[in-house]
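There are 2 protein chains.
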Amino acid sequence: MDFSELIATKAAKVGILGLGYVGIPLAHRISEVGLRVLGFDILEKRADDLNSGKSPIKHIPDASISQMLEAGFEATTDFSRSSECDALIICVPTPLDKSREPDLSFVVETMDSIAPYLRKGQLLSLESTTWPGTTKEVLLPYFSKAGLEVGKDCYLVYSPEREDPGNPNFHTRTIPKVVGGHSPHCLEAGLQLYGTFIDHVVPISSTDAAEMVKLLENIHRSINIGLVNEMKVIADAMGLDIFEIIDAAKTKPFGFTAYYPGPGIGGHCIPIDPFYLTWKAREFGIHTRFIELAGEINAAMPQYVVDKTVKALNEAGKPLKGAKVLALGIAYKRDVDDMRESPSVFVMEILRDWGADISYSDPNVPVFPKMREHRFDLTSVDLSPETVADYDAVLLLTDHNAFDYEMIKKHAKLIVDTRGKFRNDSEVVRA
Amino acid sequence: MDFSELIATKAAKVGILGLGYVGIPLAHRISEVGLRVLGFDILEKRADDLNSGKSPIKHIPDASISQMLEAGFEATTDFSRSSECDALIICVPTPLDKSREPDLSFVVETMDSIAPYLRKGQLLSLESTTWPGTTKEVLLPYFSKAGLEVGKDCYLVYSPEREDPGNPNFHTRTIPKVVGGHSPHCLEAGLQLYGTFIDHVVPISSTDAAEMVKLLENIHRSINIGLVNEMKVIADAMGLDIFEIIDAAKTKPFGFTAYYPGPGIGGHCIPIDPFYLTWKAREFGIHTRFIELAGEINAAMPQYVVDKTVKALNEAGKPLKGAKVLALGIAYKRDVDDMRESPSVFVMEILRDWGADISYSDPNVPVFPKMREHRFDLTSVDLSPETVADYDAVLLLTDHNAFDYEMIKKHAKLIVDTRGKFRNDSEVVRA
Numbered sequence: 012m013d014f015s016e017l018i019a020t021k022a023a024k025v026g027i028l029g030l031g032y033v034g035i036p037l038a039h040r041i042s043e044v045g046l047r048v049l050g051f052d053i054l055e056k057r058a059d060d061l062n063s064g065k066s067p068i069k070h071i072p073d074a075s076i077s078q079m080l081e082a083g084f085e086a087t088t089d090f091s092r093s094s095e096c097d098a099l100i101i102c103v104p105t106p107l108d109k110s111r112e113p114d115l116s117f118v119v120e121t122m123d124s125i126a127p128y129l130r131k132g133q134l135l136s137l138e139s140t141t142w143p144g145t146t147k148e149v150l151l152p153y154f155s156k157a158g159l160e161v162g163k164d165c166y167l168v169y170s171p172e173r174e175d176p177g178n179p180n181f182h183t184r185t186i187p188k189v190v191g192g193h194s195p196h197c198l199e200a201g202l203q204l205y206g207t208f209i210d211h212v213v214p215i216s217s218t219d220a221a222e223m224v225k226l227l228e229n230i231h232r233s234i235n236i237g238l239v240n241e242m243k244v245i246a247d248a249m250g251l252d253i254f255e256i257i258d259a260a261k262t263k264p265f266g267f268t269a270y271y272p273g274p275g276i277g278g279h280c281i282p283i284d285p286f287y288l289t290w291k292a293r294e295f296g297i298h299t300r301f302i303e304l305a306g307e308i309n310a311a312m313p314q315y316v317v318d319k320t321v322k323a324l325n326e327a328g329k330p331l332k333g334a335k336v337l338a339l340g341i342a343y344k345r346d347v348d349d350m351r352e353s354p355s356v357f358v359m360e361i362l363r364d365w366g367a368d369i370s371y372s373d374p375n376v377p378v379f380p381k382m383r384e385h386r387f388d389l390t391s392v393d394l395s396p397e398t399v400a401d402y403d404a405v406l407l408l409t410d411h412n413a414f415d416y417e418m419i420k421k422h423a424k425l426i427v428d429t430r431g432k433f434r435n436d437s438e439v440v441r442a
Numbered sequence: 012m013d014f015s016e017l018i019a020t021k022a023a024k025v026g027i028l029g030l031g032y033v034g035i036p037l038a039h040r041i042s043e044v045g046l047r048v049l050g051f052d053i054l055e056k057r058a059d060d061l062n063s064g065k066s067p068i069k070h071i072p073d074a075s076i077s078q079m080l081e082a083g084f085e086a087t088t089d090f091s092r093s094s095e096c097d098a099l100i101i102c103v104p105t106p107l108d109k110s111r112e113p114d115l116s117f118v119v120e121t122m123d124s125i126a127p128y129l130r131k132g133q134l135l136s137l138e139s140t141t142w143p144g145t146t147k148e149v150l151l152p153y154f155s156k157a158g159l160e161v162g163k164d165c166y167l168v169y170s171p172e173r174e175d176p177g178n179p180n181f182h183t184r185t186i187p188k189v190v191g192g193h194s195p196h197c198l199e200a201g202l203q204l205y206g207t208f209i210d211h212v213v214p215i216s217s218t219d220a221a222e223m224v225k226l227l228e229n230i231h232r233s234i235n236i237g238l239v240n241e242m243k244v245i246a247d248a249m250g251l252d253i254f255e256i257i258d259a260a261k262t263k264p265f266g267f268t269a270y271y272p273g274p275g276i277g278g279h280c281i282p283i284d285p286f287y288l289t290w291k292a293r294e295f296g297i298h299t300r301f302i303e304l305a306g307e308i309n310a311a312m313p314q315y316v317v318d319k320t321v322k323a324l325n326e327a328g329k330p331l332k333g334a335k336v337l338a339l340g341i342a343y344k345r346d347v348d349d350m351r352e353s354p355s356v357f358v359m360e361i362l363r364d365w366g367a368d369i370s371y372s373d374p375n376v377p378v379f380p381k382m383r384e385h386r387f388d389l390t391s392v393d394l395s396p397e398t399v400a401d402y403d404a405v406l407l408l409t410d411h412n413a414f415d416y417e418m419i420k421k422h423a424k425l426i427v428d429t430r431g432k433f434r435n436d437s438e439v440v441r442a
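Order-wise, the sequence lines are chains A and B.
Here my numbering = 1-based position in the first sequence + 11.
Here my numbering = 1-based position in the second sequence + 11.
Only chain A is shown next, with the shape it has when bound in the complex (with noise of 0.2 angstroms):
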């Protein structure tokens, strides 16, 4: 049977490699059409995990994972067996070195794995955000080197991803798909493989504009957010606060969309996507300057919310060494648990430079987790009148809804608000 008949019939296997925020969500929807799926980590702890029903995600329950593995998936980390499955799906991280450059790493890694496998009658589509560019610059080569012509022995796709965890509006089957492909037989390929699990399948002209469509979409978040981070400052300098202002201009039925200010941007997509247009572009001699400017403007709101602090407790005679400040919600977004890029660990670290006597409480992050490039040895603290008048400063850097807010509002000394909590307050600090 060709690709087309084994998708067809549903006698095709789709190995996803990568079994992350979006590896999971993916390799669960295609198992629920009836495709068998097998899944890749080089982490045995995670293909053990997923094999024994266990989710490693949190918003992930474990049915869904129980689900996964009666219609018929495994985990495993021997990429050889990427020779049994007929579509290879990578949603592997594509971060940035310390250098804010792009870091392929993993996707080089994973197509080293499954180099020596690559067989004919295969689909290979990259899902990681990426330079456009990518795949026909990294990836492609990797087929002509194993005598594989693209297009006509394999296909060649790249199809950005658009999970949106904890979203209750949208799911994997609901997010319309983009699809380019490197040729017009690898497109119509890969958007019958996307069309048997996805409602609506995008077909773009090529592999480049397909990489290109998500780093827009990412970028114009990066830009909007930071758009409202400056105007943020800009407000509170005139002594207007710049969430009713948003709020009445999204009142605005046309022409509009709010995006709102906080303590900077958190995440593995909206801090990091856009610099690898930024990477890319130098290439072409032309400098990303909204790019730069809201990564700036962004990257700078740690610190603007320190200074607002440290002016507070100054008013209140009180420097912000040796002061006890308590951060409250350290996720990088509300309701998750989710801490990749956080702004707050960021004020945590400013403020510890400062020599703040610092605690943190977060419903969805009981220990502050082993990070690469932070570390706090701290527990969450369980709010309670008590302890929370027992900090000189409260500062609300993620808003989960578990907080009791009136709670804190009675009972703090001072709060410092990032996310327009606290509205027409005059004792609350906008930060």
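Treat the hints with caution; some may be incorrect.
It does not matter which identical chain is meant; a pair holds if it fits inside one copy or across any two.
Said to hold, decoys possible - Here are the computed lysine-lysine pairs in the DSS-like style, where the Cα-Cα straight-line distance is at most 27 angstroms:
#1 LYS261 x LYS147
#2 LYS131 x LYS156
#3 LYS344 x LYS261
#4 LYS329 x LYS344
#5 LYS381 x LYS335
#6 LYS329 x LYS65
#7 LYS329 x LYS424
#8 LYS156 x LYS322
#9 LYS332 x LYS163
#10 LYS319 x LYS69
#11 LYS329 x LYS420
#12 LYS56 x LYS69
#13 LYS261 x LYS424
#14 LYS421 x LYS432
#15 LYS69 x LYS432
#16 LYS322 x LYS421
I should point out that these hints are in silico values taken from the structure, not numbers from a laboratory.
Since this is a predicted model, take the numbers as computed values, not measurements.
We have chain A already, so just place chain B on it with the hints.
Structure of chain B alone, referenced to chain A:
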């Protein structure tokens, strides 16, 4: 009767100061609910036209003016008659001067004209876009000088206009209206007045905040258009079509809003309003970096379009000097006749500086109008296969629906497309 009773019983007379794009639709809507409206303008001709049932604005039909007149509307240039009015709404332009600083002269002249006639019981509302603080700093003093106490004798509010000429989905009545008052009584009176003829009124804490709302709305647009203009240049350098990429990105059902690039930005709001904040922010030692960047990038687009034209003609072995160039569309946006700040005019001026032989075609603008800062002795060229074929280059600047794009494509020697009308066509130059 006090103000509230006058409004409640519809015995109030409302004065509209400035009878243009904002004032006329507002006067029409107020007439519609049965309040008497007296319109003021400094132009005799404008008042005469309106009194004789002639609409001075293309998208407002004469029939609307007749309706207003039947409902008792009258236009005058006699500002002393403002004393007849219980509410006065200022809808005059707030442009920039040559140094790109706020030019409040129309507001100030209006205030000077009505100042001698201000009386107890009146409400004054400013709708013109302006910097946060204007109502308090510029309008309020007129009342104290007149011996009137605002909030007691009189009411002062700011309520930004949100007119969107040509918008088929929203009209004056259905566009929510933000109202900020100088005091709680002012706000109350303002909400009552606007609530009489606007479906949804949105109270906000101060006139300053209301002023900022309008600026944020337009800054948001300016920055988003600036971003896609920058992305267009980057995409083009990489051989990608930004319109295809935006259309694919907008299939994401959350977190992305499509904005489209073009030959620059035009109209009476987006290129101007943001700099009102820039100017005011300087007073606080703050540099509005996003506004400046968007301004720079958007202002550079006409030159970018010309550069692409020069390059394409050069490929064909022709210099721009002496080349016959046809500009398609000179209004600032699709299907309107409004030329204010139209980027087409900037493109035409650069082309003229380079010695091109320029013509234009615009079904909505038969004769190039007299403009304060631009002068072309041209009339619109009728498009036919022969005329189109006669030009060395045809530049699509404003994508009116009335153009016959198929015919243009068939007969033009060279098309430079700034609007993404000709997709996936390697013969068309993207600009």
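For each hint, the structure was consulted:
Proximity of LYS261 to LYS147 under the C-alpha cut-off of 27 angstroms is restricted to the inter-copy arrangement: shortest distance 24 angstroms between copies versus 41 angstroms within a copy. In the homo-oligomer, the alpha carbons of LYS131 and LYS156 lie at most 27 angstroms apart inside one protomer (13 angstroms), although the nearest pairing across protomers, at 88 angstroms, exceeds that limit. Taking identical chains as interchangeable, the C-alpha atoms of LYS344 and LYS261 lie at most 27 angstroms apart whether they share a chain (21 angstroms) or sit on different chains (23 angstroms). For a Cα distance limit of 27 angstroms, the shortest separation of LYS329 from LYS344 qualifies neither inside one copy, at 30 angstroms, nor across copies, at 57 angstroms.
In the homo-oligomer, the alpha carbons of LYS381 and LYS335 lie at most 27 angstroms apart inside one protomer (23 angstroms), although the nearest pairing across protomers, at 67 angstroms, exceeds that limit. Within a single copy, LYS329 and LYS65 get their C-alpha atoms no closer than 49 angstroms, and across copies no closer than 69 angstroms, so neither meets the 27 angstroms cut-off. With identical chains, the CA atoms of LYS329 and LYS424 are at most 27 angstroms apart within one copy only, with a shortest distance of 12 angstroms there and 74 angstroms across copies. Proximity of LYS156 to LYS322 under the C-alpha cut-off of 27 angstroms is found in neither arrangement, the shortest distances being 62 angstroms within a copy and 39 angstroms between copies.
Taking the shortest alpha-carbon separations for LYS332 and LYS163, neither the intra-copy value of 67 angstroms nor the inter-copy value of 50 angstroms comes in at or below 27 angstroms. Taking the shortest alpha-carbon separations for LYS319 and LYS69, neither the intra-copy value of 34 angstroms nor the inter-copy value of 52 angstroms comes in at or below 27 angstroms. Proximity of LYS329 to LYS420 under the C-alpha cut-off of 27 angstroms is restricted to the intra-copy arrangement: shortest distance 20 angstroms within a copy versus 72 angstroms between copies. Proximity of LYS56 and LYS69 under a CA criterion of 27 angstroms is satisfied intra-copy only: 16 angstroms inside one chain copy versus 70 angstroms between copies.
Taking the shortest alpha-carbon separations for LYS261 and LYS424, neither the intra-copy value of 33 angstroms nor the inter-copy value of 46 angstroms comes in at or below 27 angstroms. In the homo-oligomer, the alpha carbons of LYS421 and LYS432 lie at most 27 angstroms apart inside one protomer (14 angstroms), although the nearest pairing across protomers, at 59 angstroms, exceeds that limit. Taking the shortest alpha-carbon separations for LYS69 and LYS432, only the intra-copy value of 25 angstroms comes in at or below 27 angstroms, while the best inter-copy value is 46 angstroms. Taking the shortest alpha-carbon separations for LYS322 and LYS421, only the intra-copy value of 22 angstroms comes in at or below 27 angstroms, while the best inter-copy value is 67 angstroms.
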